[in-house]
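K.L.:
One letter stands for each residue in the lines below.
Protein chains: 2
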Amino acid sequence: MEDIKAFILDVDGVVCRGSKPIPEGVEGVKKLMEFGKKVVFVSNNSTRSRKMLVERFRSFGLDVSEEMLIVATHATATYIKRNYGELNIFTTGEKGLIEELEEMGHKITDYDRAECLVVASNRKLNYDLMTKALRCCMTAKKYVATNPDRIFPGWDGPIPGTGMIIGALYWMTGRMPDAVIGKPSEIIMREALDRLGCRAEEVVVVGDQVEVDIVAGKRVGCKTALVLSGVTKKENFKTAIKQVSPDFVFDNLSCLLDSYI
Amino acid sequence: MEDIKAFILDVDGVVCRGSKPIPEGVEGVKKLMEFGKKVVFVSNNSTRSRKMLVERFRSFGLDVSEEMLIVATHATATYIKRNYGELNIFTTGEKGLIEELEEMGHKITDYDRAECLVVASNRKLNYDLMTKALRCCMTAKKYVATNPDRIFPGWDGPIPGTGMIIGALYWMTGRMPDAVIGKPSEIIMREALDRLGCRAEEVVVVGDQVEVDIVAGKRVGCKTALVLSGVTKKENFKTAIKQVSPDFVFDNLSCLLDSYI
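Quick note, the sequences are listed as chains A and B, same order. Residue numbering for the first sequence is 1 to 261, as defined by this note's numbering. Residue numbering for the second sequence is 1 to 261, as defined by this note's numbering.
Hints in this document: simulated from the structure, not taken from any laboratory. The reader is advised that the hints may include incorrect statements.
Identical copies look the same in the list; a pair holds intra-copy or inter-copy alike.
[What the hints assert, rightly or not] The calculated DSS-like cross-link candidates involving lysine-lysine, where the alpha carbons are at most 27 angstroms apart (straight line), are:
no., residue 1, residue 2
1, Lys132, Lys20
2, Lys141, Lys233
3, Lys142, Lys242
4, Lys37, Lys95
5, Lys95, Lys31
6, Lys95, Lys238
7, Lys132, Lys95
8, Lys30, Lys107
9, Lys234, Lys95
10, Lys124, Lys95
11, Lys141, Lys5
All values reported here derive from a predicted model rather than from experimental measurement.
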């Protein structure tokens, strides 16, 4: 563990479940900071801006700065600017994403004037929004999605993720995004490693989903730890890790640290 | 043409565009009836009941009975009853479909008590409805879709069809419907031939979409005629018929009859 200089932590299922903190997760983050390890959080959430997430962490008693957060919303805004410049964007996304896009210098427009379609989850999704997304997908030069998650664990059962919209558009138009930013894409993980200033072998990626977090960590050559405080449970983790094995499996973030620090 | 005893006519793009009549289409239907040809209408529309369609035809000055109409809504209700019995159904569909399902003896329930998921288009589609459909798709024993259309021609541009929901659910769950009722499925075409009491070679199928109407007609061995009064236009019909060739192509239903009767 002494070789380990930094941690890339998932948020939902590791530190909290929506607005509800996971005590062992919050405790774990505090320990990491006390032990002087570098930490960044990487979240596929496509509806929260970094500001919103800082507030949420504060409500858990965690003092986390915006620089420690790599959220799919902000990472998407950055990716577009870096690769295509400042664009006119139509997005299916919510306020949190719009905030990040505008702050990066992009302009939010209606579907028929957009140079770029940005697909992201929206709890106010309706037929009208899907119609606009369809038309934009048929005409916009660029098409980027914040994250690929098809299903997301809601408080009372599965709910559709950003992937639902990607799938619906693909079914209707045959077009897939030019880039998908969130995990397990390397794009967001490279951003995290840059931010840490560490080599991949010095970093452990911690998350609750094998296909999202563990795959992402392995793709960039980090060590990986699966925690069972989120989507993957004690009952099903053996099936989940059959295809892709994490280096470690722990009940939660605190357990991981108790064993290794 | 003397060998031709009956016609299976598509509705949208042949007789009308939404609530607006196509004069040559309405005229054509009148001529067919005057000449004593048998006629049934087969529509993939998943939001209108037969009653609603009878009313619409009446507003065009056409006296058409419910027996002459085979609409995806009613055909779906019939198919489920014939193959699975009367079921508890959760549907994404609208009033027109619910009307037909209930009239057939099925019971409309919430997603968590449904034996069967019926997917159909809904202009009030929202995130909540997609969440329920997702959960129902993961648990219901049976899954039927009214029609496969991915995109539908709206008055001001393309709009999502029932296929959008099929695609979104497939993307999220990997599950496809056990049966899709509308054209180009044989299910609805066999129903039409039964209703006419004719052999396939005595029937011409008329429609405006190659992949929907012409494919459907060919599958059951009917003669096929493409009309250019709907989705397929003079400018693009040569591309459209490259893979699947109709027996005839006409500007509209009246032209077809002028040439052959």
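K.L.:
Run every hint past the structure and note whether it holds.
P.N.:
To see whether the hints hold, each was checked on the structure:
{"no.": "1", "hint": "Lys132 / Lys20", "verdict": "between (34 angstroms within a copy, 24 angstroms between copies)"}
{"no.": "2", "hint": "Lys141 / Lys233", "verdict": "between (42 angstroms within a copy, 26 angstroms between copies)"}
{"no.": "3", "hint": "Lys142 / Lys242", "verdict": "neither (36 angstroms within a copy, 30 angstroms between copies)"}
{"no.": "4", "hint": "Lys37 / Lys95", "verdict": "neither (33 angstroms within a copy, 59 angstroms between copies)"}
{"no.": "5", "hint": "Lys95 / Lys31", "verdict": "neither (33 angstroms within a copy, 57 angstroms between copies)"}
{"no.": "6", "hint": "Lys95 / Lys238", "verdict": "neither (38 angstroms within a copy, 45 angstroms between copies)"}
{"no.": "7", "hint": "Lys132 / Lys95", "verdict": "both (17 angstroms within a copy, 24 angstroms between copies)"}
{"no.": "8", "hint": "Lys30 / Lys107", "verdict": "neither (38 angstroms within a copy, 54 angstroms between copies)"}
{"no.": "9", "hint": "Lys234 / Lys95", "verdict": "neither (36 angstroms within a copy, 44 angstroms between copies)"}
{"no.": "10", "hint": "Lys124 / Lys95", "verdict": "both (11 angstroms within a copy, 22 angstroms between copies)"}
{"no.": "11", "hint": "Lys141 / Lys5", "verdict": "neither (41 angstroms within a copy, 51 angstroms between copies)"}
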